[in-house]
Amino acid sequence: QKEVEQNSGPLSVPEGAIASLNCTYSDRGSQSFFWYRQYSGKSPELIMFIYSNGDKEDGRFTAQLNKASQYVSLLIRDSQPSDSATYLCAVRLQTGANNLFFGTGTRLTVIP
Amino acid sequence: GAGVSQSPSNKVTEKGKDVELRCDPISGHTALYWYRQSLGQGLEFLIYFQGNSAPDKSGLPSDRFSAERTGGSVSTLTIQRTQQEDSAVYLCASSPGLSYNEQFFGPGTRLTVL
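Residue numbers (our numbering), protein chains in the order written: chain E, 175 to 286; chain P, 2 to 115.
Just chain E, same shape as in the assembly (with noise of 0.2 Å):
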């Protein structure tokens, strides 16, 4: 079992609508949790980090965690055609530990 799992999609949503993208991780240690960004061809740059239950939000997203679940997910709203890029979820597993174990990533298209 991977200790970060993410819908590969594509996902597909018309702008101005929310996407949802969620990330399920395997170590109930973990103890916190990043979403990044890829456009195709760049390299990854952090949107948000969670390390509490329940929703952090920043403009136009959201991060949402729920430890008992073991389950993070990631919410933009009024997604725009510069939103469409890989979502990368990625976790940290123990206080301490620095590495990053990141998920597959899903990507995201959104449609003028």
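Fair warning: there could be bad hints in the mix.
Straight-line C-alpha distance at most 30 Å; calculated DSSO-like pairs for lysine-lysine [as the list claims (entries may be wrong)]:
id	chain 1	residue 1	chain 2	residue 2
1	P	Lys12	P	Lys58
2	E	Lys241	E	Lys230
3	E	Lys216	P	Lys12
4	P	Lys18	P	Lys58
5	E	Lys230	E	Lys216
6	P	Lys58	E	Lys241
7	P	Lys18	E	Lys216
8	P	Lys58	P	Lys16
9	P	Lys16	E	Lys216
10	P	Lys58	E	Lys230
Simulated from the structure, these hints should not be mistaken for lab results.
Once you've looked at the hints, dock chain P against the given chain E.
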């Protein structure tokens, strides 16, 4: 300011040859990480360095892979006797320290082993 830089951007080599990939982290960042990303795969952790501490090599896939970091700054990832399955994009990232949440990624080196 300057971000993480990597060189070369592309490397094509023949099976069995050795290759060296270079990473220049953001100035002042004490933590440095190497990952690789194969086609259709997520990022796979390889190794990280933190200051003068011994590196965490737990992600290196075989003893053909090694890395060093000189003077707490520039890092070199060396792959000996390359195999076709080593073909991937090798990404370097740095962060200001262990407890800092964001890792800043470089543009990567695309390695193709023929």
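Practice problem: Could you tell me which of the numbered hints above are not met by this structure, giving the numbers in increasing order? | Solution: 10
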